[in-house]
Amino acid sequence: MGAELHSFGTMPLKSKRSPAEGEFLFEIDEQPTEECLTALGGVPLFVRTARSLDVPGSVKRNLALKQRDRGFDEATYIESFLVLNAAGGDCLEDFDCLREDGGLAAMLGHAIPSPEAARKFLYQFHDSEKIEQAKRDLPEGEVSYVPEDSRALRGLAQVNQDVVRELARRCAGERIATIDMDATVIESWKREAKATYEGGSGYQPMVALWAELNVVVAEEFRDGNVPALKDPLRVAQQGFAVLPGTIKERYFRGDSACDEEELLSWLRDEKRANGPVGFIGFAVSARMNPVLREEIAAIPAEKWQPYSEDSGAVKECAQVEYFPEETAANRYREPLRTIAIRIRKKQEELFADGSAAKHFAVRTNLWDWKPKRLLEWHREKAGTIEAVHDVLKNELAGGVLPCGRYGANAAWFRLAVITYNVLTAMKRLVLPPDMQKARPKRLRFLIFQQPGKLIHHARKTVLRLARTWNRFSNWKHAMEVLVLPAPS
Numbered sequence: 475m476g477a478e479l480h481s482f483g484t485m486p487l488k489s490k491r492s493p494a495e496g497e498f499l500f501e502i503d504e505q506p507t508e509e510c511l512t513a514l515g516g517v518p519l520f521v522r523t524a525r526s527l528d529v530p531g532s533v534k535r536n537l538a539l540k541q542r543d544r545g546f547d548e549a550t551y552i553e554s555f556l557v558l559n560a561a562g563g564d565c566l567e568d569f570d571c572l573r574e575d576g577g578l579a580a581m582l583g584h585a586i587p588s589p590e591a592a593r594k595f596l597y598q599f600h601d602s603e604k605i606e607q608a609k610r611d612l613p614e615g616e617v618s619y620v621p622e623d624s625r626a627l628r629g630l631a632q633v634n635q636d637v638v639r640e641l642a643r644r645c646a647g648e649r650i651a652t653i654d655m656d657a658t659v660i661e662s663w664k665r666e667a668k669a670t671y672e673g674g675s676g677y678q679p680m681v682a683l684w685a686e687l688n689v690v691v692a693e694e695f696r697d698g699n700v701p702a703l704k705d706p707l708r709v710a711q712q713g714f715a716v717l718p719g720t721i722k723e724r725y726f727r728g729d730s731a732c733d734e735e736e737l738l739s740w741l742r743d744e745k746r747a748n749g750p751v752g753f754i755g756f757a758v759s760a761r762m763n764p765v766l767r768e769e770i771a772a773i774p775a776e777k778w779q780p781y782s783e784d785s786g787a788v789k790e791c792a793q794v795e796y797f798p799e800e801t802a803a804n805r806y807r808e809p810l811r812t813i814a815i816r817i818r819k820k821q822e823e824l825f826a827d828g829s830a831a832k833h834f835a836v837r838t839n840l841w842d843w844k845p846k847r848l849l850e851w852h853r854e855k856a857g858t859i860e861a862v863h864d865v866l867k868n869e870l871a872g873g874v875l876p877c878g879r880y881g882a883n884a885a886w887f888r889l890a891v892i893t894y895n896v897l898t899a900m901k902r903l904v905l906p907p908d909m910q911k912a913r914p915k916r917l918r919f920l921i922f923q924q925p926g927k928l929i930h931h932a933r934k935t936v937l938r939l940a941r942t943w944n945r946f947s948n949w950k951h952a953m954e955v956l957v958l959p960a961p962s
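When we follow this note's numbering, the leftmost residue of the sequence shown carries the number 475, and every step to the right adds one.
Simulated from the structure, these hints should not be mistaken for lab results.
Check before you lean on any hint, since a few could be wrong.
[Said to hold, decoys possible] Computed cross-link-like contacts, DMTMM-like style, restricted to lysine to aspartate or glutamate with a CA-CA straight-line distance of at most 25 Å:
id, residue 1, residue 2
1, K594, D570
2, K704, E783
3, K819, D784
4, K832, E808
5, K832, D908
6, K846, D908
7, K609, D570
8, K832, E768
9, K534, E640
10, K745, E734
11, K704, D611
12, K777, E734
13, K820, D842
[Claimed, not checked] FRET-style restraints, in silico, Cβ to Cβ:
id, residue 1, residue 2, range
14, Y806, A831, 50 to 60 Å
15, A861, Y806, 16 to 26 Å
16, E622, E508, 25 to 35 Å
17, E509, E661, 34 to 44 Å
18, E508, E686, 21 to 31 Å
19, A775, R644, 51 to 61 Å
20, E509, R708, 27 to 37 Å
21, R902, K745, 31 to 41 Å
22, E495, K915, 26 to 36 Å
23, H931, R625, 40 to 50 Å
24, A775, K911, 20 to 30 Å
25, F753, A775, 16 to 26 Å
26, R625, E795, 30 to 40 Å
As the structure is a prediction and not an experimental result, all values here were calculated from the model.
Every residue gets a Cβ at the ideal spot worked out from N, C-alpha and C, and that includes glycine.
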């Protein structure tokens, strides 16, 4: 009997079929529903933010592209492009997906343009003459150029500046502005794309970010063969020009492309032209040269201080006695300070190039800061401007350029930038603290992609969402905060 019980106790139980293994319990009706439904019930919060920041009004003031009254106006086109970015579309054909969402047009109060209409709208930002003029102005021996923006592109840039200034006005407590600037490569296999330093082909826009407010204050679209070292001052000046007058402290951070004489001279000059008067503290990665390498190699062992370490390497820092010859404009100014970084592997292994240590350096005018603090502060740009590049290219539509026309691609990228800034404004103005760092894909999951149904009753249209709004805020609060500007 005991043996029988023992045998029974070890018998495997009959396997229960999981619901995940079965067929669906429904059939698909090939006929579309006649109800007014939407898969984007949270998108109106984004659109309300854009309208509250007066994006449509700014478009009306700064963009005049249409020759006839037929079709969509400029503000409707721009809003549609912003919605495409916010909803996750990354090509013109995705406008068809938005057009199939019947509830979206009912919520916005306007239809969505077709892909072909949107393409023709983008083409109006292209000006072939600007490109030909840039080619004619090329100095002998140079091959890369940055054409002047078309009138339409300048107008779109002004729209972005208006967004930043309006958000800054509503966040009036900001007193510090750090401009982080960096270029990024967008791969492209279009025939018109130029070779990049990474070996492929594409484009390389330069972007300037106001780090404290997390908004892009300036950007310049560029072909892939334009080196990041080319004319960075122009973008920096545009970025600082957007900052409000309430800012009391100004700083600048950049990589080695910003170790450029014209830019650094402008930053050092407290009476600088085309910029704010006063001190701008900066730190930029140094471009290594033989003299700097020799000075770093000559640093005594006792001068190196611990900077940071991880599981595989130790980082140390030290001040370098490196004072290259100054230009006439900087000869009587306080010299720049250079901080060296040495990286060594913990197991005394060699790097791939056979060296026992790798060396980097940072140039700065911040003499009062301790080396470790300065390097940590400079390194923070990896979490600001580099994160912005990632979002623009991989979570918004900035990384998939629509055509071969330079100006149209520049406008497409600029629209992704405006979307980024409106999303930042939405988070700062109406979302709770735990969502301030939410990326677009998180906002889509929690807010934008809410199923909803639009009900027409008693001459009113009511949006009924499938989920409560309490996870992030509520519609009533959002509408009270996101006040629409008075009609012009």
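Results of checking the hints against the structure:
| no. | hint | verdict |
| --- | --- | --- |
| 1 | K594 - D570 | holds, 15 Å |
| 2 | K704 - E783 | violated, 34 Å |
| 3 | K819 - D784 | holds, 10 Å |
| 4 | K832 - E808 | violated, 29 Å |
| 5 | K832 - D908 | violated, 39 Å |
| 6 | K846 - D908 | violated, 30 Å |
| 7 | K609 - D570 | violated, 38 Å |
| 8 | K832 - E768 | holds, 13 Å |
| 9 | K534 - E640 | holds, 16 Å |
| 10 | K745 - E734 | holds, 19 Å |
| 11 | K704 - D611 | holds, 15 Å |
| 12 | K777 - E734 | violated, 28 Å |
| 13 | K820 - D842 | violated, 31 Å |
| 14 | Y806 - A831: 50 to 60 Å | violated, 36 Å |
| 15 | A861 - Y806: 16 to 26 Å | violated, 39 Å |
| 16 | E622 - E508: 25 to 35 Å | violated, 52 Å |
| 17 | E509 - E661: 34 to 44 Å | holds, 42 Å |
| 18 | E508 - E686: 21 to 31 Å | violated, 50 Å |
| 19 | A775 - R644: 51 to 61 Å | holds, 53 Å |
| 20 | E509 - R708: 27 to 37 Å | violated, 53 Å |
| 21 | R902 - K745: 31 to 41 Å | holds, 34 Å |
| 22 | E495 - K915: 26 to 36 Å | holds, 30 Å |
| 23 | H931 - R625: 40 to 50 Å | holds, 47 Å |
| 24 | A775 - K911: 20 to 30 Å | violated, 41 Å |
| 25 | F753 - A775: 16 to 26 Å | violated, 35 Å |
| 26 | R625 - E795: 30 to 40 Å | violated, 51 Å |
Violated hints, listed in ascending order, are 2, 4, 5, 6, 7, 12, 13, 14, 15, 16, 18, 20, 24, 25, 26; each of the other numbered hints is respected by the structure.
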